[in-house]
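J.: Given next are the chains, with one letter for each unit.
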Amino acid sequence: MRAPGMDKSKTIQAVGFNLLRLVTAITVIPIIGLVVYIVVKGAPAISWEFISAAPSNGMREGGILPAIVGTLYLTLGTALFSVPLGVLAGIYLAEYAKETFLTRIIRVAIINLAGIPSVVYGLFGLGLFVLFLKLGTSILAASLTLSIMTLPTIISTTEQALRSVPNSFRVVSTSLGASRWQTVRRITLPQALPGIITGIILGLERAAGETAPILFTGAAFFLPQLPHSPLDATMALPYHIFVISTQIPGMPIQIQYGTVVVLLVFVLGMNLIATLIRSSARKKRQW
Amino acid sequence: MKEFIIRNLSITYSDENESLKNISLEIEARAITVLFGPAGGGKSTFLRTLNRLNDLADLKQMKGEVLFQGQNILDPQTDVITLRRQIGMVFSRPVPLPLSVYDNVAYGLVMAGEHDRRKLDEAVEKSLKQAFLWEEVNDRLKDSAYSLSGGQQQRVCLARVLALEPQVILLDEPTSALDPIATANIEEMLRELKKEYTIIIAPHNVQQAARVADYAAFFLMGELVEYGSGIDLFTVPKDQRTSDYVTGRFG
Chain A
39 MRAPGMDKSK TIQAVGFNLL RLVTAITVIP IIGLVVYIVV KGAPAISWEF ISAAPSNGMR
99 EGGILPAIVG TLYLTLGTAL FSVPLGVLAG IYLAEYAKET FLTRIIRVAI INLAGIPSVV
159 YGLFGLGLFV LFLKLGTSIL AASLTLSIMT LPTIISTTEQ ALRSVPNSFR VVSTSLGASR
219 WQTVRRITLP QALPGIITGI ILGLERAAGE TAPILFTGAA FFLPQLPHSP LDATMALPYH
279 IFVISTQIPG MPIQIQYGTV VVLLVFVLGM NLIATLIRSS ARKKRQW
Chain B
69 MKEFIIRNLS ITYSDENESL KNISLEIEAR AITVLFGPAG GGKSTFLRTL NRLNDLADLK
129 QMKGEVLFQG QNILDPQTDV ITLRRQIGMV FSRPVPLPLS VYDNVAYGLV MAGEHDRRKL
189 DEAVEKSLKQ AFLWEEVNDR LKDSAYSLSG GQQQRVCLAR VLALEPQVIL LDEPTSALDP
249 IATANIEEML RELKKEYTII IAPHNVQQAA RVADYAAFFL MGELVEYGSG IDLFTVPKDQ
309 RTSDYVTGRF G
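Same order as they appear, the protein sequences are chains A and B. Counting from 39, one number per residue, gives the positions in the first sequence under the working numbering. Counting from 69, one number per residue, gives the positions in the second sequence under the working numbering.
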C-alpha cells in the first residue's frame, strides 16, 4: 500500500528541483553572456602588436603592453607584502592564539576589513603611503595599498584552511614529542597548503582587477615606457580600461573591449589555476 | 618497581564536563595496568594526564601530583616534549599522519632531531618488526599509511610509538575500531611488549580488560572505585559497584 500523500510530495519535490535548476540558470546565464559578449566584441582587437606595443596616437592605436606589465608588477608587489604577512597571521590565529576577547576582536576586524569599499583603501593608501611616507604615486605605494586590501582574504582563508585539518593530527603529532611549530611545519601547513594557495590567488585576483585603490596611489593615465623602479608610477589594466572608456573622445570601441578581454583572461586564468590546485589536492587527500 | 605514583589527582574541564576526583594509585613498571569502566568515567583524561597531552585540552583545574620515576610531571617546569618521547600513546582510532608508512614510524625520531638515514632505517625496521607488521609492509614503506587496512594502521601507530623507545605505552581503547582478529593480534603484542615496557591501557570492553590485565583500576564517574591485581578485580571484586559492572549489570 502506498503511503497517503506520496504523489503529492513527489510533485512538490519535482517542482522544487526545477525551481533550483531555474535559479542556477538565472545566475549562470548572465555571467556566460557577459563573457561571450565581451570576447566577441574584443577578440578582433587582439593581436601580437596589441599585447606587445605601447599605445600610440593618444591611446587610440597601438597596444597595451605598459598596462599589462604594470598590472603584473602590481600583482607581484602585492603578493610580496601580503602573502608572508597574511599567511603568518593566519597561522598565528589558527595554531597559536588562544580564544580570548582580543583574538575575537581581531577576527571581527579582519572580517570587517574585507567589507570596506575599495575606494576607501585608495584614500587610505594616498594618505599613508603616498603622502605621509612620501613614496609618491608609485608601484610601491599602490602595491602596499592593494596588500592591505588583500590581507583580510589571505588571513582568513589561511586560518580556515588550517582549521579544516583534523585536530587528531595535532594531538598525535604532539603525543610523539613534536613541538607546536614542528607540527605546523610538518603536518598542518602542508595539508592546508592547497587551501591557502587558493586563498592567496583569489585575493591577488581581486587586487589585479581593482581600480579604486591604485587610482590615487600608483596608476598613471598615460606612460608609454615601462616602469624602471618600484618608485615609478605605472599604467595598469583596470585603470586603463576606465581611462579609455571615459576620458578619450573618439576611442575605438574595439580597443576598449580588447583591453577588457586581456584583463579577463588575466583574472580568469588565475581563477583557473586556483581551481586546478584545489581539485588536484582534493583528489590526493586521504583523510 | 613503581613507574607512576599518583597522589590526590583532581581534574576539572572548563566546561565542567568530565573530571577526575581525588585519584591516588601506584602503577607497576613492566606490567599491563588496565583502566576500565563505563564511558565518561575519566579513563582518557587520566591517560592524557600521564603524558601531559591534556595541555591541549581546555582544563580549568588540575590538582595533585603525578610522579613519573620520582619526578612530578605536573610541575610547570617539566620538559613535556622529552616526557612525551618517554611516554608514548596509541589512540582509539588509528590516526596515521598524512605521510608514508616509513615517515609515520620515523616521525618521532625525526622530530627529536635524528636525521641519520641509516639509524632511521634501522629504527623503522625494528619497530615494525616489534609491531608484527614488517612482513606485511616492508615493500610498501613509501606508500601512504592510509593505503593500509585498519588493523595495519593501528600497528603503524604502535610502531611509531615503539620507534622512540619509550618507557611507557599508553593505549586509549586501541582496538575499538578493529575487527576481532586484529584485536587479538594487538592483545598478543601487548603481552609480548610488557616484558620491556610499562603498559597502561583503557580497553574498550570488560572482556578485553580481563584478558590482558596484570593490574586493574575501575573508574566510575571520575572516581577510582577499586584498584588491585587483575585476577582479584575480575573474580573477587571488593566493591559492589565493581562487581555489578564486571558481571554486566550496568555499563
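Since the hints were made in silico from the structure, they are not lab data. You may find that some hints are simply not true.
In silico lysine to aspartate or glutamate, EDC-like type, Cα no more than 20 Å apart, as pairs [said to hold, decoys possible]:
{"no.": "1", "chain 1": "B", "residue 1": "K128", "chain 2": "A", "residue 2": "D270"}
{"no.": "2", "chain 1": "B", "residue 1": "K197", "chain 2": "B", "residue 2": "D143"}
{"no.": "3", "chain 1": "B", "residue 1": "K187", "chain 2": "B", "residue 2": "D171"}
{"no.": "4", "chain 1": "A", "residue 1": "K322", "chain 2": "B", "residue 2": "E94"}
{"no.": "5", "chain 1": "B", "residue 1": "K210", "chain 2": "B", "residue 2": "D184"}
{"no.": "6", "chain 1": "B", "residue 1": "K70", "chain 2": "B", "residue 2": "E133"}
{"no.": "7", "chain 1": "A", "residue 1": "K322", "chain 2": "B", "residue 2": "E133"}
{"no.": "8", "chain 1": "A", "residue 1": "K321", "chain 2": "B", "residue 2": "D211"}
{"no.": "9", "chain 1": "B", "residue 1": "K131", "chain 2": "B", "residue 2": "D184"}
{"no.": "10", "chain 1": "B", "residue 1": "K131", "chain 2": "B", "residue 2": "D147"}
{"no.": "11", "chain 1": "B", "residue 1": "K263", "chain 2": "B", "residue 2": "E84"}
{"no.": "12", "chain 1": "A", "residue 1": "K136", "chain 2": "B", "residue 2": "D126"}
{"no.": "13", "chain 1": "B", "residue 1": "K197", "chain 2": "B", "residue 2": "E264"}
{"no.": "14", "chain 1": "B", "residue 1": "K197", "chain 2": "B", "residue 2": "D171"}
{"no.": "15", "chain 1": "B", "residue 1": "K194", "chain 2": "B", "residue 2": "D171"}
{"no.": "16", "chain 1": "B", "residue 1": "K210", "chain 2": "B", "residue 2": "E193"}
{"no.": "17", "chain 1": "B", "residue 1": "K128", "chain 2": "B", "residue 2": "E94"}
{"no.": "18", "chain 1": "B", "residue 1": "K210", "chain 2": "B", "residue 2": "D171"}
{"no.": "19", "chain 1": "B", "residue 1": "K210", "chain 2": "B", "residue 2": "E182"}
{"no.": "20", "chain 1": "A", "residue 1": "K136", "chain 2": "B", "residue 2": "E84"}
{"no.": "21", "chain 1": "A", "residue 1": "K136", "chain 2": "B", "residue 2": "E94"}
{"no.": "22", "chain 1": "A", "residue 1": "K136", "chain 2": "B", "residue 2": "E255"}
{"no.": "23", "chain 1": "B", "residue 1": "K89", "chain 2": "B", "residue 2": "D307"}
{"no.": "24", "chain 1": "A", "residue 1": "K172", "chain 2": "A", "residue 2": "D270"}
J.: Compare the structure with each hint and give your call.
T.: Each hint tested on the structure:
At most 20 Å may separate the alpha-carbon atoms for a hinted pair to count; K128 of chain B and D270 of chain A exceed this at roughly 57 Å. Taking the CA atoms of K197 of chain B and D143 of chain B, the gap is near 36 Å; set against the 20 Å cutoff, the hint is violated. Restraint check for K187 of chain B and D171 of chain B: the C-alpha separation of about 13 Å stays at or below 20 Å, so the hint holds. Between the alpha carbons of K322 of chain A and E94 of chain B the distance comes to roughly 47 Å, so the proposed pair goes past 20 Å and is violated.
Restraint check for K210 of chain B and D184 of chain B: the C-alpha separation of about 18 Å stays at or below 20 Å, so the hint holds. Taking the CA atoms of K70 of chain B and E133 of chain B, the gap is near 15 Å; set against the 20 Å cutoff, the hint holds. The hinted pair formed by K322 of chain A and E133 of chain B fails the criterion: a straight-line CA distance of about 46 Å is larger than 20 Å. For the hint linking K321 of chain A to D211 of chain B, the alpha-carbon distance of about 16 Å falls within 20 Å, and the restraint holds.
Distance check on the hinted pair: K131 of chain B and D184 of chain B sit about 41 Å apart at the alpha-carbon level, beyond 20 Å; violated. Between K131 of chain B and D147 of chain B the alpha-carbon distance is near 19 Å, which keeps this suggested pair within the 20 Å criterion. Between the alpha carbons of K263 of chain B and E84 of chain B the distance comes to roughly 39 Å, so the proposed pair goes past 20 Å and is violated. This hinted pair checks out: K136 of chain A and D126 of chain B have alpha carbons roughly 10 Å apart, not beyond 20 Å.
For the suggested pair K197 of chain B and E264 of chain B, the alpha carbons sit about 15 Å apart, so the restraint of at most 20 Å is met. With a C-alpha separation of about 16 Å, the suggested pairing of K197 of chain B with D171 of chain B holds against the 20 Å cut-off. Between K194 of chain B and D171 of chain B the alpha-carbon distance is near 14 Å, which keeps this suggested pair within the 20 Å criterion. Only pairs whose Cα atoms come within 20 Å are accepted, and K210 of chain B paired with E193 of chain B is accepted, the gap being roughly 13 Å.
The suggested pairing of K128 of chain B with E94 of chain B is violated, with an alpha-carbon distance near 25 Å, which exceeds 20 Å. The hinted pair formed by K210 of chain B and D171 of chain B meets the criterion: a straight-line CA distance of about 8 Å does not exceed 20 Å. The hinted pair formed by K210 of chain B and E182 of chain B meets the criterion: a straight-line CA distance of about 19 Å does not exceed 20 Å. Distance restraint check for K136 of chain A and E84 of chain B: the Cα-Cα separation of roughly 19 Å lies within the 20 Å cut-off, and the hinted pair is therefore satisfied.
Our distance criterion of 20 Å between C-alpha atoms is broken by K136 of chain A and E94 of chain B, whose separation comes to about 35 Å. For the hint linking K136 of chain A to E255 of chain B, the alpha-carbon distance of about 39 Å lies beyond 20 Å, and the restraint is violated. Under the criterion of a C-alpha separation no larger than 20 Å, the hint pairing K89 of chain B with D307 of chain B is consistent with the structure, at around 17 Å. A C-alpha spacing of about 13 Å is found between K172 of chain A and D270 of chain A, which places the hinted pair at or below 20 Å, so the restraint holds.
Consistency with the previously given hints fails for numbers 1, 2, 4, 7, 9, 11, 17, 21, 22, ordered from lowest to highest.
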